[in-house]
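Taken in sequence, the protein lines are chains V and D.
If you read the first sequence in the numbering used here, its first letter stands for residue 171, the second for the next number, and so on.
If you read the second sequence in the numbering used here, its first letter stands for residue 61, the second for the next number, and so on.
Source of the hints: derived by calculation from the structure; they are not laboratory data.
Computed from a predicted model, the values in this text were never measured in an experiment.
Heads up, a few of these hints could be off.
[Unchecked claim] Residues of chain V clear of chain D, computed beta-carbon distances all greater than 10 Å:
| id | residue |
| --- | --- |
| 1 | 178 |
| 2 | 191 |
| 3 | 192 |
| 4 | 195 |
| 5 | 200 |
| 6 | 216 |
| 7 | 219 |
| 8 | 220 |
| 9 | 229 |
| 10 | 230 |
| 11 | 231 |
[Claimed, not checked] What follows is a list of derived Cβ distance ranges for each label pair:
| id | chain 1 | residue 1 | chain 2 | residue 2 | range |
| --- | --- | --- | --- | --- | --- |
| 12 | V | 187 | D | 96 | 24 to 34 Å |
| 13 | V | 217 | D | 152 | 25 to 35 Å |
| 14 | V | 234 | D | 121 | 10 to 20 Å |
| 15 | V | 230 | D | 270 | 41 to 51 Å |
| 16 | V | 221 | D | 165 | 17 to 27 Å |
| 17 | V | 210 | D | 65 | 25 to 35 Å |
| 18 | D | 259 | V | 244 | 18 to 28 Å |
| 19 | V | 233 | D | 127 | 29 to 39 Å |
| 20 | D | 118 | V | 210 | 32 to 42 Å |
Where is the CB? At the ideal position from N, CA and C, for every residue including glycine.
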Amino acid sequence: MSRLIRMDTTGHSTLAEWTAADGAAVERAAAEFRAQLDAGYYAMVTEGEGKARQVSELPVEAELVILRRPIAGG
Amino acid sequence: MSGAALPETAAVHWRPRADARRLRGRGRTWTLTTVAHTVPFIATAALLAALEPLSFPVGLALLAHAWAIPELYARRGANVVRPRPRADAAPEALALGLLGDLVGHDARELHARTGLVPERGALGVWLVGEAGALLVTPGGRRVFCWCVQVAEPGLPSGDRIAHLLLALRADEEGFATVANLAFSGAPWRLRRRLVPRVRPALDAGVRMARVSTPSM
Numbered sequence: 171m172s173r174l175i176r177m178d179t180t181g182h183s184t185l186a187e188w189t190a191a192d193g194a195a196v197e198r199a200a201a202e203f204r205a206q207l208d209a210g211y212y213a214m215v216t217e218g219e220g221k222a223r224q225v226s227e228l229p230v231e232a233e234l235v236i237l238r239r240p241i242a243g244g
Numbered sequence: 061m062s063g064a065a066l067p068e069t070a071a072v073h074w075r076p077r078a079d080a081r082r083l084r085g086r087g088r089t090w091t092l093t094t095v096a097h098t099v100p101f102i103a104t105a106a107l108l109a110a111l112e113p114l115s116f117p118v119g120l121a122l123l124a125h126a127w128a129i130p131e132l133y134a135r136r137g138a139n140v141v142r143p144r145p146r147a148d149a150a151p152e153a154l155a156l157g158l159l160g161d162l163v164g165h166d167a168r169e170l171h172a173r174t175g176l177v178p179e180r181g182a183l184g185v186w187l188v189g190e191a192g193a194l195l196v197t198p199g200g201r202r203v204f205c206w207c208v209q210v211a212e213p214g215l216p217s218g219d220r221i222a223h224l225l226l227a228l229r230a231d232e233e234g235f236a237t238v239a240n241l242a243f244s245g246a247p248w249r250l251r252r253r254l255v256p257r258v259r260p261a262l263d264a265g266v267r268m269a270r271v272s273t274p275s276m
């Protein structure tokens with residue numbers, strides 16, 4: 171089961187769950203994914219130790235997609 | 061760490077992209093600036109003592125300035141990893157679970173003790189906190205203190221670190237470009253200004269960096 175989560179004030183919220191075989195769930199997840207990107211979040215996928223990649227389309231095969239806010243110098 | 065540029069770099073488009081060579085230059089410039097701030101005070105104190113020994117109180121004040129200025133810089137660097145107030149327990153625990161999934165056992169253990177997460181990168185060993193990060197360069201002889209954070213109020217500490225960690229892993233040089241440099245110098249100068257809880261993280265970072273090939 172893949173998950174789309176957003177880091178927020180609750181710790182994190184699970185916004186969507188899907189399996190690649192479930193087309194309707196993927197579609198719902200993709201819609202939620204786009205809505206979050208429109209709201210200013212960046213989507214990240216971890217790729218093994220010490221690696222992460224920003225994605226602009228829902229990676230259907232990814233186990234975990236994490237939404238984060240932009241960072242800035244303090 | 062992967063290749064695509066961090067989108068946040070667009071907000072600081074005037075800055076040259078950080079890399080190992082530029083960091084070496086910034087480190088040297090920082091040291092020269094510190095020397096330029098302190099040497100005139102020391103030289104003036106020595107001159108006064110030579111011209112008029114009775115002026116020693118003024119000389120002592122000048123030497124105090126020469127000592128205080130580098131200390132203030134180091135303190136500014138230490139402040140980037142000063143522990144912040146915690147959010148409520150439940151969000152903190154949830155965020156900690158996610159952060160724990162992102163890092164290995166040793167990093168989890170160091171975070172539990174010090175509040176910083178170690179991350180080895182191409183530029184050196186990073187120690188990521190809630191509102192900033194330390195970068196110990198390969199060889200462990202210099203540390204950079206970076207002020208960088210997610211501008212979202214109310215986030216738990218673990219999530220703040222996870223934000224920075226993910227950005228760092230996606231584009232290390234972009235991360236160093238976006239962050240503001242607060243201090244650069246020898247680890248021992250920073251260590252004594254860190255809160256005691258955080259010091260073991262710097263020690264661990266220096267040990268890890270000594271294993272790396274010195275290039276900076």
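Cross-check of the supplied hints:
no.: 1; hint: 178; result: 7 Å, violated
no.: 2; hint: 191; result: 24 Å, holds
no.: 3; hint: 192; result: 24 Å, holds
no.: 4; hint: 195; result: 22 Å, holds
no.: 5; hint: 200; result: 20 Å, holds
no.: 6; hint: 216; result: 6 Å, violated
no.: 7; hint: 219; result: 7 Å, violated
no.: 8; hint: 220; result: 6 Å, violated
no.: 9; hint: 229; result: 13 Å, holds
no.: 10; hint: 230; result: 19 Å, holds
no.: 11; hint: 231; result: 17 Å, holds
no.: 12; hint: V:187 to D:96: 24 to 34 Å; result: 58 Å, violated
no.: 13; hint: V:217 to D:152: 25 to 35 Å; result: 27 Å, holds
no.: 14; hint: V:234 to D:121: 10 to 20 Å; result: 59 Å, violated
no.: 15; hint: V:230 to D:270: 41 to 51 Å; result: 43 Å, holds
no.: 16; hint: V:221 to D:165: 17 to 27 Å; result: 18 Å, holds
no.: 17; hint: V:210 to D:65: 25 to 35 Å; result: 18 Å, violated
no.: 18; hint: D:259 to V:244: 18 to 28 Å; result: 22 Å, holds
no.: 19; hint: V:233 to D:127: 29 to 39 Å; result: 54 Å, violated
no.: 20; hint: D:118 to V:210: 32 to 42 Å; result: 56 Å, violated
The structure is inconsistent with the numbered hints 1, 6, 7, 8, 12, 14, 17, 19 and 20, although it conforms to all the rest.
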